[in-house]
Amino acid sequence: MTPFSYARAGDAATATRLGMGAGAKYLGGGTNLVDLMRETIEQPDSLVDVTGLSRTIEERDDGGLMIGAAVRNTAVAEHRAVRERYPVLARAILSGASGQIRNMATVGGNILQRTRCPYFYDDAARCNKRTPGAGCDAIDGFNRTHAILGASPACVATHPSDMCVALAALGAVVHLGNATGARTLPLVDLHRLPAGRPEVETLLEPGELITAVELPPLPCAVRSTYRKVRDRASYAFALVSVAAVLDRSADGMVRDVRLALGGVAHKPWRAFAAEAVLRGRPADEAVFRAAAEAELADAAPLRDNGFKVELARRTMVAVLNDLAGEAA
Amino acid sequence: MLITINGQGTEVALDPRTSLLDLLREHLELHGTKKGCDQGACGACTVLADGERILSCMALAVQYEGRSISTVEGLAHGGALHPLQQAFIDHDGFQCGYCTPGQLCSAIGMAAEIARGVPSAVTADLAAGTISPSRDELRERMSGNLCRCGAHNGIIDAITEIYTAEAAE
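Here the protein sequences come in this chain order: A and B. Add 229 to a position in the first sequence, counting from 1, and you land on the number used in my numbering. Add 886 to a position in the second sequence, counting from 1, and you land on the number used in my numbering.
A few of these clues could be false.
Stretch-level coverage of chain A by chain B, calculated; a stretch enters the list once three of its residues show a Cβ under 8 angstroms from a Cβ in chain B [said to hold, decoys possible]:
| id | segment |
| --- | --- |
| 1 | 230-236 |
| 2 | 272-282 |
| 3 | 305-319 |
| 4 | 327-341 |
| 5 | 507-519 |
If you are wondering where the hints come from, they were derived from the structure by calculation, not from laboratory data. All residues carry an ideal CB built from backbone N, CA and C; glycine is no exception.
Next up, chain B with everything else stripped away, as it sits in the complex (with noise of 0.2 angstroms):
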């Protein structure tokens, strides 16, 4: 089957048993996507499949087929790192590290959710078009991304600064 990895189109022969996570890591030796508990609970495979945030340890590869996917790979150009990893950097976002490309590729897909207007259980008003990213909202849309070191407060510092300056805009 095809399937496109960081913009690249790659052909695989794969058992269907094959997550999409162990197609990244083990068939296309792409190791920044981290298998976390590889059931759903923790947000370490977190990738981007056609611009949305999905669980790479929960799909199953073969479902992915003709779809884009992206990962933290796939974030940096040309040697600069994408805004959200350098400030990921400059507020200790992490300490360990191994949440975080699962952290980044849910951020980058959750600020698209808040462009186009999806609300989260704290968004007070349903009806709004538009979603302010309060803390409380950054919060709850990142819950689903475990940091065991506790680095959420960097964490969220980190997505403010990148997407509540870009809404301001």
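In isolation and in its complexed conformation, chain A is listed as follows (with noise of 0.2 angstroms):
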């Protein structure tokens, strides 16, 4: 691990400050970051530990909720709130990692964690991500878990948070702040298609410090949930996720809809297409299947993942066919 200098940030404002510095990297829960930088991926100057800062969760007076960006993963999961009113977001967050990195993970870092594409990692590999310019091992590689959508001749890799799925679903909002100024951003703009610039993950500003994440009101999210794939049971990344949020009226059509992917690209995939063959359309089978077929007409599977273009609409039409019957 490359010397690096540590302070603990008391308040927001101490955090920017130090933050602008150059080389200064904000430190959650450190599940990811300390990893990378026992890899000698990252290579901070300074680490500015943010972890005392907002860890409070907020109900809102419009039903919504404001979440601290430090609140721990599995308080999120636990908050009756969330557990009640946002059931997609605890399914979410604990189809994710053990309860041993839950209890140390932050949301703000679980939103800016990076790809676990092992080419990423492995530094006799090439990476655009990790030397602009210099290839793309996974393209031509052992890509079963890379990206079929919105990937790019330098980056097939996947964004590995399940958080952020429920949160592209929920229609979630990312409050940022640095020592000029703060701002919100929508999660589902927040991080990047890769494109030619696959090292730029993030529309972050230089210094910039996710302070919070406020969910607004959804009633209809209670009934929601999140489906994930993978090759274990427990414990292993999504080859394939679904957060779903199904509103179907009495007369069984589908009054509202949030859909979203996780393992199929390089950001929290929100199922925009999908969402717009669902809405005032009958919640049966034959709509879902065709709101998942329109959702991943454009896939671009590679060697060895186009089993993930198959996964990915099964499970939307799974998840989806669960919502609808446990609505009737």
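Two chains, two frames, some hints: make the complex.
As structure tokens, then:
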């Protein structure tokens, strides 16, 4: 590990002032950054520990929630309002990592974790994310875990988070701050697709800190769920995952729906095309299939991950069927 | 910095690169906590920080200044094994023993999570306030602790004996 200095920020103003320093990085639970530093993929000059900031979950009068960026993943998943009003979020978090890691990892750190593409971790391999312009050994390599949507010739890595897939479905808004001000971004806009610059993963400005994640009120999210398909029953990253909210009217029509996919793209993938097919149509399997087809129309599988297209289609249909059955 | 290890306040001066695991093993000579993968994949390094199970390999020790850390060395009292340690022996919950300190600390942290109603990925009813510690629940919750000897069934038997009896009381 390359030497660095460490400072614990007592408040957001101190954090963002220190965060503006050259080579500074914010540190949450460390469950990804410390590992990357040990591999010398990340070599910050200074770490600004922000785990002491914004650790509360505030229930809003409008029914929404404001979740501080330093709240631990376990604390989000066990919060009563999350379990009752946004079960998709609790389920997504509980599907990720292990109990130990969920106790350490923060909300902000989960959002900003980096891909687990093995070529990104292997310093003997070429990786445009690690060394811009070097090339990508995953595209023609062992790529069964890689992206089928939104990838580029420069990068086929996926975003590893489960939590973010649920946040994408729920229309979460990310609150950001730096030394000069504050702003918000929809979570679905925070992460970039790789295009020609896969090393730039988010729209964060230098020194910008995630301070909170806001869940807008969404009463129909009481009927929501998350399904993760992986190589073993627990403690593995998603091959494909689906977060879904389904609001079915008494006459069996889709009144509202939110869908997002994990394990398939460089960012948590909100399935807007599928949602457009579903809204106002009968909540039945034929329509669910048509929606999944629409979302995957542009899927571009690689040598080893063609199975993900069919897996994503089936998982979307299965999850929607489950929610439709539950609503009946 | 001051850190409490197994109830004892300890003053240490550290390079910020030092992990909590290396602090325990290399600086404090507490070799009970094991280094398996050193990258958060195996759970052998699990310790309790203020009662919560964490991976000491991924934890920078400086982040735990002022916190209270419990390791496997702190489980037995006055020569008497912790009941869970005895249950691991009774149920053949280990073979080589390398993952055992992490399994023990993880199980103790897990039991506290169940007691306060934290759901898991296999909990059917998220809204339920109490968790029934079924075998499926225990297996899911212990999935972050690998045993390469394959003693998982004995481990779950041991945990079941101690914590489902407790839950039934």
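If you look at each residue in the segment 327-341 of chain A, do at least three have a Cβ nearer than 8 angstroms to any Cβ of chain B? With 6 residues close enough to chain B, the hint holds.
How does the coverage statement for the segment 272-282 of chain A fare against chain B, requiring three or more residues with Cβ below 8 angstroms from a Cβ of that chain? It holds: at least three residues are needed, and the segment 272-282 of chain A offers 3 whose Cβ sits within less than 8 angstroms of chain B.
Coverage assertion for the segment 305-319 of chain A with respect to chain B, Cβ distance below 8 angstroms, three residues required: Check passed, 6 qualifying residues.
Quick check: do three or more residues in the segment 507-519 of chain A have a beta carbon closer than 8 angstroms to a beta carbon of chain B? Answer violated; 0 residues pass the 8 angstroms Cβ test.
Mind taking a look at whether chain B covers the segment 230-236 of chain A? Criterion is 3 or more residues with CB to CB distance under 8 angstroms. holds (count 5)
Of the numbered hints stated above, the single one contradicted by the structure is hint 5.
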